Amino acid sequence: MEVARHWRQRGTRYRLEGQRNTRTGAIRFPAQPPALGEEPSEWESIRLSGRGTLYSFSVIRQAPDGFEGLVPYPVALVQLEEGPLVTAQLTDCAEADLSIGIAVEMVTRHLLDTGEDNVLVYGYKFRPCLM
Amino acid sequence: MSNIYLVGAAATPVGEHYARSLADLASEAVRAAFAPLSALPLDRVGGLYVANALAENLASQGQLGAYLATSVGLHGVPALRVEAAGASGGVAVQQAAQAIAAGQCEIAVVLGVEKLTDRLEGEVEAALALQSDGEAQAIHGLTLTAQWALLMRRYMHVYGYPAEAFAPFPVNAHTNAAKNPQALYRFGINADKYRKAGQIASPLNMLDCSSLADGAACLVLVNEALARELPGPHLRIAATAVATDTPNIAARPDPLDLSACRTSAQVALERAHLSLSDVHVFEVSDPHGITAALALEALGCYPRGEAPRHAADGAITPTGHTPIATAGGYKARGDIGGASGIYQMVELARQLRGEAGPTQVANARIALAQSLGGLAATAATCVLIADS
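Those protein sequences? They're chains A and B, same order as listed.
For the first sequence, the UniProt record's numbering gives the first residue as 1, with consecutive numbering after it.
For the second sequence, the UniProt record's numbering gives the first residue as 1, with consecutive numbering after it.
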């Protein structure tokens with residue numbers, strides 16, 4: 001069921017929260033615990049814009065359990081405008097709409113149904129920009 | 001460091017062994033590895049290292065050290081399971097070699113075993129996806145194959161290749177597997193069939209994706225004193241090295257650079273006092289052409305963006321400059337999960353003993369095996385030398 005697991009991820013999944021390094025300005029996604037040798041205050045939380053470009057994509061036809069109903073579904077590496085790459089599903093598009101470099105934006109969508117008596121998991125996907 | 005020798009190496013055929021259990025396969029491999037070693041005192045086996053990636057999820061069994069030590073008849077021997085996804089085999093070899101080098105034992109057994117075909121495809125894909133980052137990839141439905149596909153499409157974009165430029169990798173794998181009685185797929189394919197194959201995760205098609213199958217492979221490692229009591233040729237484990245990287249490909253500065261692959265090979269070659277050009281035959285992780293291409297480039301065999309061109313010129317065949325997959329590779333010998341790294345070593349032992357038959361690399365004396373976990377989050381390299 002993992003209710004707590006999904007709850008812990010709410011900032012990442014619903015708000016695309018990453019981190020900015022207070023010293024260097026570097027931005028990363030997803031958030032990470034402080035590394036050995038770093039002060040816990042070195043990275044601060046930052047909400048990413050959700051805008052980016054398609055770095056690469058694939059259309060999955062052999063899916064893991066839980067995703068078989070979506071087949072075929074497109075997935076991507078998206079380069080966010082703040083710099084980090086993120087892996088996610090694409091939505092609201094056909095394979096023919098896709099090419100490396102096109103502009104995409106984050107949307108919140110249903111990710112996974114973990115079954116009867118379980119949680120409906122929502123999170124980020126990306127779609128080609130509407131305009 | 002004292003010298004460590006590989007004196008026994010054997011494997012079961014790779015296949016869909018519906019009639020056989022994890023224990024059955026393990027037993028066959030261990031018995032076969034010890035068969036020519038009747039002079040070896042079994043009571044001096046001081047460690048069993050089980051390489052396995054997926055047993056809890058796909059074979060309904062945990063604590064494989066004790067479970068398989070009992071199954072194969074090594075009762076009471078110190079035993080543990082090593083898990084590093086697809087690199088489990090390479091990491092287990094290092095653990096066993098270090099135990100001998102430290103003087104903890106005289107004989108160490110490395111057993112790679114995987115039982116994957118009891119489950120349906122969706123369960124296998126879900127288990128494999130956990131070898132990347134559960135939150136960054138698996139919850140989004142990204143399979144390992146899809147992640148290699150993302151790297152392949154990016155590679156095609158950056159270096160200007162069509163998908164069929166990767167055909168030489170599975171073509172070579174199948175050509176070699178057709179001559180290996182233990183391989184999963186003992187038939188050839190060609191570039192035309194590659195072009196027409198159905199998509200699994202575009203641009204990766206069915207003929208550019210390895211099939212997971214069951215199997216077990218076993219290595220017997222001994223110290224120098226015991227090795228000298230056995231007939232040659234003596235295969236020396238000249239070096240092992242393991243390196244790691246983030247399992248989340250999106251968090252890497254350059255996803256097309258398999259940095260763990262590069263570091264692990266460099267460190268292993270330095271420890272062996274060798275350079276890459278000294279190596280006669282390679283085993284790399286090659287479930288897809290893109291994986292082999294990125295691995296060869298990370299090893300330093302070819303500049304970035306050039307591996308497919310050299311593969312098309314025959315460089316990866318048994319008579320080429322950098323032979324790989326001489327037993328069929330992950331694609332055609334079969335992908336045995338965490339046991340694949342041990343199958344690699346079994347093949348390199350055949351090569352260095354001159355027993356590889358139609359896929360023998362001429363005068364092979366120095367070999368390098370590298371197994372990768374997930375998207376090369378773990379890379380384990382072993383350098384094997386036939387002492388003259």
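Hints are computed from structural coordinates only; laboratory data are not their basis.
What you are looking at is a predicted structure, and each value in this text was computed from that prediction instead of being measured.
By construction, the Cβ of each residue, glycine as well, lies at the ideal position given by its N, Cα and C atoms.
Among the hints, erroneous ones may be present.
Unchecked claim - Which residues of chain B face chain A? A partial, calculated answer using Cβ under 7 Å:
#1 E123
#2 A126
#3 G134
#4 Q137
#5 L142
#6 A146
#7 L150
#8 A197
#9 Q199
#10 I200
#11 A201
#12 T246
#13 A250
#14 P253
As the list claims (entries may be wrong) - Computed list of chain A residues with no C-beta within reach of chain B, every gap over 12 Å:
#15 E42
#16 I46
#17 S49
#18 E68
#19 A76
#20 G101
#21 P128
#22 L130
Self-check item: Assertion that P128(A) lies outside the chain B interface [Cβ separation over 12 Å]
Solution: Fine: 16 Å to the nearest Cβ keeps P128(A) off the interface.
Quiz prompt | chain A contact restraint on A197(B) - CB to CB distance below 7 Å | solution = Violated - the Cβ of A197(B) stays beyond 7 Å from chain A, reaching only about 12 Å at its closest.
Quiz item: Would you say I46(A) is clear of chain B, with no C-beta pair closer than or equal to 12 Å?
Solution: Answer for I46(A): holds, closest chain B Cβ roughly 16 Å.
Quiz item: G101(A) clear of chain B by more than 12 Å, beta carbon to beta carbon?
Solution: Not fine: 9 Å to the nearest Cβ puts G101(A) too close to chain B.
Exercise. Against chain B, does E42(A) hold up as non-interface, every C-beta pair farther apart than 12 Å?
Key: holds, 17 Å
Quiz item: Would S49(A) pass as off the interface with chain B, using Cβ distances and a cut of 12 Å?
Solution: holds, 17 Å
Quiz item: With a cut-off of 7 Å, does the beta carbon of A146(B) approach a beta carbon of chain A closely enough for the hint to hold?
Solution: With Cβ-Cβ at 5 Å, under 7 Å, it holds.
Quiz item: Is the Cβ of L130(A) farther than 12 Å from every Cβ of chain B?
Solution: holds, 22 Å
Self-check item: 12 Å Cβ clearance of A76(A) from chain B
Solution: violated, 7 Å
Quiz item: Should the interface hint for A126(B) be scored as holding, given a Cβ-Cβ cut-off of 7 Å against chain A?
Solution: At about 4 Å, which falls below the 7 Å cut-off, the nearest Cβ of chain A leaves the hint on A126(B) intact, so it holds.
Quiz item: Any CB of chain A closer than 7 Å to the CB of G134(B)?
Solution: Since the shortest Cβ distance to chain A is 9 Å, the answer is violated.
Quiz item: Looking at E68(A) again, its CB stays over 12 Å from all of chain B?
Solution: violated, 6 Å
Consistency note: the structure conflicts with the earlier hints numbered 3, 8, 12, 14, 18, 19, 20.
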